[in-house]
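Asker: Each chain, letter by letter, is given below.
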Amino acid sequence: MSKPFLQIRGIRKEYGPVTAVQDVNLDVAQGEFLTFLGPSGSGKSTTLYILAGFEDPTGGDILLNGESLLSTPSHKRNIGMVFQRYTLFPHLSVGENIAFPLKVRRLPKAEIDAKVRQMLKLVRLEGFEDRKPAQMSGGQQQRVALARALAYDPPVLLMDEPLSALDKKLREEIQHEIRRIHQQTEVTILYVTHDQEEALRLSDRIAVFSKGVIDQIGTGPELYANPATRFVAEFIGDSDFLPCNVVSAGNGRAEIAICETMTVADIPLHGTASSGSKAALMLRPERLLLSKRQSESGLPVTVSDITFLGNNVHVATKTSKGNNLSVRLPFGHEAISGLNRGDAVWLKFDAESAHVFGQ
Amino acid sequence: MVSHTETDSGRAYAPTRVRRLTDFELTLPALVLLVLFFVVPVVILLMRSVTEPVPGLGNYVELLGSSTYLRIFTNTFLVSGLVTVVSLLIGFPVAWALAVMPGRAASIVFAILLLSMWTNLLARTYAWMVLLQRTGVINKVLIGLGLIDKPLPLVNNLTGVTIGMTYIMLPFIILPLYGVIKKIDPAILQAAALCGANRWQSLVRVLLPLAVPGMAAGALMVFVMSLGYFVTPALLGGTANMMLAELIAQFVQSLVNWGMGGAAALVLLVVTLALYAVQLRFFGTDRMGGR
Amino acid sequence: MLLNLNRLGWWKLVLFGITVLTTAFLLLPILFIAALSFGSSQWLIFPPPSWTLRWYQELFADPRWLASAWTSFQIAIIVTVLSVLLGLATSFGLTRGRFAFREGLKALFLTPMILPVVVLAVALYAFFLKIGLNGTLTGFVISHLVLALPFSILSIGNALEGFDKSIEDAAVLCGASPLEAKVRVTLPAISHGIFSAAIFSFLTSWDEVVVAIFMSSPTLQTLPVKVWATLRQDLTPVVAAASTLLILLTVLLMVLVAVVRKGLKS
Ligand SMILES: Nc1ncnc2c1ncn2[C@@H]1O[C@H](COP(=O)(O)OP(=O)(O)OP(=O)(O)O)[C@@H](O)[C@H]1O
Ligand SMILES: [Mg+2]
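Chains as they are written, first to last, in our numbering: chain R, 1 to 359; chain P, 1 to 291; chain U, 1 to 266.
Hints in this document: simulated from the structure, not taken from any laboratory.
Keep in mind that a hint or two might mislead.
In the BS3-like style, the derived pairs of lysine-lysine whose C-alpha atoms are separated by at most 25 angstroms in a straight line are [what the hints assert, rightly or not]:
no. : chain 1 : residue 1 : chain 2 : residue 2
1   : U       : 12        : R       : 76
2   : P       : 183       : U       : 165
3   : P       : 140       : P       : 150
4   : R       : 132       : U       : 12
5   : R       : 103       : U       : 106
6   : U       : 182       : U       : 165
7   : R       : 292       : R       : 321
8   : R       : 115       : R       : 168
9   : R       : 132       : R       : 109
10  : U       : 12        : P       : 182
11  : U       : 182       : U       : 130
12  : R       : 169       : R       : 211
13  : U       : 262       : P       : 182
14  : R       : 109       : U       : 165
15  : R       : 76        : U       : 165
16  : R       : 103       : U       : 165
Computed beta-carbon distance windows for the label pairs [unchecked claim]:
no. : chain 1 : residue 1 : chain 2 : residue 2 : range
17  : P       : 198       : R       : 172       : 33 to 39 angstroms
18  : P       : 191       : U       : 258       : 35 to 41 angstroms
19  : U       : 262       : R       : 173       : 51 to 57 angstroms
20  : P       : 204       : U       : 188       : 47 to 53 angstroms
21  : U       : 219       : R       : 108       : 45 to 51 angstroms
22  : P       : 204       : R       : 168       : 46 to 52 angstroms
23  : P       : 150       : U       : 52        : 26 to 32 angstroms
24  : U       : 257       : P       : 273       : 29 to 35 angstroms
25  : U       : 25        : P       : 273       : 28 to 34 angstroms
26  : P       : 204       : R       : 18        : 50 to 56 angstroms
27  : P       : 145       : U       : 257       : 38 to 44 angstroms
28  : P       : 61        : R       : 18        : 56 to 62 angstroms
Where a beta carbon is used, it is the ideal one built from N, C-alpha and C, also for glycine.
Let the hints inform the model, and build the full structure from the sequences given.
Answerer: Okay, structure coming up:
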């Protein structure tokens with residue numbers, strides 16, 4: 001990663017008594033694709049709007065190439081943005097929409113025409129320049145919006161859930177387009193979504209938002225393998241949590257006891273925990289091993305449901321304490337054949353694939 | 001957007017920004033116009049009712065105590081009520097028919113409704129003055145058909161006013177009623193039929209109750225508009241059958257009695273606003289009227 | 001059933017019968033006046049003994065008719081321009097603003113529309129007598145503006161409410177200043193509302209009688225006042241000619257509206 005290109009420093013935003021953004025700090029490298037992922041109301045859009053200049057932060061600063069952006073009004077920031085809703089100018093044709101930022105900048109006509117053609121090619125909509133927005137599908141409109149936002153070569157492109165109004169298949173198609181366009185243009189992108197799959201598919205790094213702060217920043221695999229908080233663990237990938245007792249803790253590792261029958265040592269520990277305290281053990285369905293044979297080192301559970309999900313089979317189980325644990329196995333796995341509801345089975349897991357979250 | 005000019009830390013980061021007009025400031029020119037040339041004059045007029053010729057409620061005592069003025073109030077409410085009822089009786093079937101008509105036929109009816117609404121009020125009133133006069137077409141046709149022997153007095157009385165005003169108010173009741181009926185899901189009436197209701201029961205038990213809010217809102221609007229109408233009653237009613245708006249004008253123009261004029265204006269104003277309050281309270285719409 | 005044309009049975013005939021009669025009732029006076037304006041009878045006998053253009057000649061020969069029409073036109077145009085400009089500013093403030101009393105202010109702006117015009121007419125008459133605006137063009141413009149503004153605020157406000165502010169924000173991020181974004185993006189997008197506001201404002205002023213009766217002076221009167229004054233004397237067919245021209249104007253305006261609406265849609 002090169003030197004910080006865009007720096008967000010302690011940004012805060014309050015609407016009267018409501019704190020939309022508490023304290024957001026972030027360094028973004030040039031050319032990076034960074035996604036804000038988080039539940040509704042966690043402050044993702046507000047952070048983006050502050051970057052765009054539509055909202056003034058209550059505190060903090062934003063630096064682009066080392067210089068503060070905050071005193072620059074929106075229209076001079078030279079930032080591109082694609083919105084959640086369709087924002088093509090309804091009275092202008094597709095070509096005129098893309099030309100708009102260039103006309104505002106008073107570029108010569110020949111240059112504008114060339115750029116419009118280049119942009120239409122980039123988003124693969126050649127031949128559509130005379131259409132009106134109302135004659136285009138939602139996906140096409142968002143592609144034109146992308147072309148319009150990139151036409152003036154902005155250093156940063158903001159995208160606020162641009163695909164949320166589209167159906168799943170179309171969404172995946174345009175995700176590929178966005179990836180390709182990012183690679184082709186090398187523009188820095190800040191992307192907002194609450195769809196983890198979309199975030200994982202698109203981004204170099206993901207910032208997980210929760211209640212106005214960033215809980216963790218990292219690549220998809222980092223967040224998956226090493227969630228810093230229970231919230232991140234819940235948000236990235238599938239997970240189940242079991243209450244457990246801490247036997248001993250230290251050096252970021254813990255030994256724990258579950259269901260009184262079983263102890264496991266050397267599990268990565270997050271948060272604080274001490275001998276005797278209660279904690280939560282996180283397990284991922286796809287990292288659990290299921291066995292029909294009784295074993296001392298396995299956790300005894302009962303099968304409560306089996307669901308066929310195409311290439312996967314989902315086995316829902318219950319511990320003796322009544323906690324639910326899911327197991328995901330590839331279709332045709334020998335452990336599943338002949339398995340029935342109500343069967344007693346034993347689950348095993350690797351200490352490295354589990355996480356303990358203390359207080 | 002409200003711009004904060006200072007951050008928490010006290011660092012001002014926006015002073016270089018040109019101060020934009022706030023949203024409230026944008027409404028100021030219109031607000032000044034309205035206060036200066038609407039609120040102030042109306043308030044002054046109403047004040048004069050209790051200050052001229054002498055301070056006190058004398059004007060109101062005279063206005064509400066005399067039988068001459070009482071007859072004018074009766075005329076006003078009578079005509080407005082009649083106009084409302086007749087408009088409603090004619091307007092409901094027309095709105096209903098419009099809602100089920102094929103689009104082409106409906107658009108012709110709409111065009112005629114609009115033409116009638118948009119045509120100059122005086123031109124329309126003039127037409128009725130000519131049509132209704134003793135030697136006018138209506139009397140001629142009636143005599144020609146042998147229905148009457150001598151011409152009916154159709155103008156310069158409340159009959160003329162009622163006909164002319166109904167003509168003017170009809171579009172104002174048909175259009176909102178059409179909107180209400182068009183919004184009713186035909187499936188509801190199919191359901192009523194499946195439940196065993198015959199057409200008459202469907203009408204009385206389902207369609208009418210569903211249309212009642214629209215009818216009430218439209219009727220109230222027509223009634224209120226009629227109460228304050230000036231031009232049509234003045235031209236079709238003749239001098240002997242005055243309505244409230246004419247009385248106000250007469251106090252001011254011929255009698256130059258501002259105290260009584262103000263008092264009559266206040267009465268009209270209070271009734272109008274009270275009825276609008278009822279409408280807002282019970283029907284919650286801000287349906288608008290015309291002149 | 002009751003809302004299905006094919007299931008109405010004989011009720012359909014009743015409904016359509018009433019509709020046809022009502023439509024005729026609405027249309028006939030207008031056609032009747034147009035026909036009479038070409039009739040030769042001074043006493044407005046119908047059907048007329050013969051046809052003539054005499055009443056139109058008299059109308060155009062009388063400079064007072066032309067003068068009052070010209071006055072009306074001037075006032076209506078000024079009122080239209082001011083009403084649209086004020087309506088724009090006010091609607092932007094009311095639709096986008098988040099200040100206290102916004103709802104109350106909205107209600108205040110719409111009151112002139114529901115108030116009996118005669119009250120406003122008498123009140124403004126008294127007020128203008130005091131400040132010397134009676135019988136002046138300014139007086140006419142101000143009073144008609146008060147009446148027209150609610151229609152303007154309503155039409156433009158509705159259009160603006162249906163317009164997604166994000167589109168304007170997008171234009172700003174594209175590099176247009178806030179004012180430029182409004183002029184180049186928002187105004188074209190709400191042009192149908194602006195157009196309605198202009199038509200309503202023009203008609204409100206052009207057809208207005210009640211305030212005008214009080215506001216006019218022997219030297220300055222509008223067309224409706226001239227018609228009014230003539231009608232109070234006698235039912236001369238010249239008024240039929242004038243009315244027919246007014247009806248013609250209405251038809252032209254309706255055609256214009258239909259054409260512009262179609263143009264704005266595509
Ligand atoms: N103009 C405003 N006035 C008051 N509160 C606001 C305003 N805008 C946002 N908020 C509040 O700020 C918080 C953060 O909102 P924001 O739009 O940033 O969330 P988000 O993460 O983008 O959510 P979503 O996924 O639903 O878009 C929310 O609680 C919201 O209610
Ligand atoms: Mg959002």
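Asker: Take the hints in turn and mark each one as holding or not.
Answerer: Structure-based check of all given hints:
1. Distance check on the hinted pair: residue 12 (chain U) and residue 76 (chain R) sit about 64 angstroms apart at the alpha-carbon level, beyond 25 angstroms; violated.
2. Among the hinted pairs, residue 183 (chain P) with residue 165 (chain U) is inconsistent with the structure: their alpha-carbon atoms are about 29 angstroms apart, more than 25 angstroms.
3. A threshold of 25 angstroms between alpha carbons decides the hint, and for residue 140 (chain P) with residue 150 (chain P) the separation of about 9 angstroms falls inside it, so the pair holds.
4. Among the hinted pairs, residue 132 (chain R) with residue 12 (chain U) is inconsistent with the structure: their alpha-carbon atoms are about 43 angstroms apart, more than 25 angstroms.
5. A C-alpha spacing of about 37 angstroms is found between residue 103 (chain R) and residue 106 (chain U), which places the hinted pair above 25 angstroms, so the restraint is violated.
6. For the proposed pair residue 182 (chain U) and residue 165 (chain U), the alpha carbon gap of about 10 angstroms is at most 25 angstroms, so the pair holds.
7. Distance restraint check for residue 292 (chain R) and residue 321 (chain R): the Cα-Cα separation of roughly 20 angstroms lies within the 25 angstroms cut-off, and the hinted pair is therefore satisfied.
8. With a C-alpha separation of about 31 angstroms, the suggested pair residue 115 (chain R) and residue 168 (chain R) falls outside the 25 angstroms cut-off, and the hint is violated.
9. Only pairs whose Cα atoms come within 25 angstroms are accepted, and residue 132 (chain R) paired with residue 109 (chain R) is accepted, the gap being roughly 21 angstroms.
10. In summary, the hint linking residue 12 (chain U) to residue 182 (chain P) is supported, as the alpha carbons are separated by about 16 angstroms, within the 25 angstroms threshold.
11. For the suggested pair residue 182 (chain U) and residue 130 (chain U), the alpha carbons sit about 41 angstroms apart, so the restraint of at most 25 angstroms is broken.
12. In summary, the hint linking residue 169 (chain R) to residue 211 (chain R) is not supported, as the alpha carbons are separated by about 31 angstroms, beyond the 25 angstroms threshold.
13. Our distance criterion of 25 angstroms between C-alpha atoms is met by residue 262 (chain U) and residue 182 (chain P), whose separation comes to about 23 angstroms.
14. For the proposed pair residue 109 (chain R) and residue 165 (chain U), the alpha carbon gap of about 29 angstroms is over 25 angstroms, so the pair is violated.
15. Between residue 76 (chain R) and residue 165 (chain U) the CA atoms are separated by roughly 19 angstroms; this keeps the pair inside 25 angstroms, and the hint holds.
16. As the CA atoms of residue 103 (chain R) and residue 165 (chain U) are separated by approximately 21 angstroms, the hinted pair is consistent with the 25 angstroms bound.
17. Taken as a hint, the range 33 to 39 angstroms is violated for the pair residue 198 (chain P) and residue 172 (chain R), whose Cβ atoms sit roughly 55 angstroms apart.
18. For residue 191 (chain P) and residue 258 (chain U), the hinted distance range of 35 to 41 angstroms is satisfied, since their beta carbons lie about 38 angstroms from each other.
19. Restraint check, residue 262 (chain U) to residue 173 (chain R): a C-beta distance of roughly 36 angstroms breaks the suggested window 51 to 57 angstroms.
20. Distance hint for residue 204 (chain P) and residue 188 (chain U): a CB-CB separation of about 50 angstroms, consistent with the stated range 47 to 53 angstroms.
21. At roughly 58 angstroms, the beta carbons of residue 219 (chain U) and residue 108 (chain R) sit outside the given window of 45 to 51 angstroms.
22. The supplied range of 46 to 52 angstroms is met by residue 204 (chain P) and residue 168 (chain R), whose beta-carbon atoms lie about 50 angstroms from each other.
23. Our hint of 26 to 32 angstroms for residue 150 (chain P) and residue 52 (chain U) holds, since their Cβ atoms are close to 31 angstroms apart.
24. One distance hint, 29 to 35 angstroms for the beta-carbon pair residue 257 (chain U) and residue 273 (chain P), holds here, with the actual separation near 32 angstroms.
25. Between residue 25 (chain U) and residue 273 (chain P), the C-beta spacing of about 32 angstroms keeps the proposed range 28 to 34 angstroms intact.
26. In this structure the hint that residue 204 (chain P) and residue 18 (chain R) lie 50 to 56 angstroms apart at CB holds, the actual value being about 52 angstroms.
27. Our hint of 38 to 44 angstroms for residue 145 (chain P) and residue 257 (chain U) holds, since their Cβ atoms are close to 40 angstroms apart.
28. Against the hinted window of 56 to 62 angstroms, the Cβ-Cβ separation of residue 61 (chain P) and residue 18 (chain R) comes to about 57 angstroms, which satisfies the hint.
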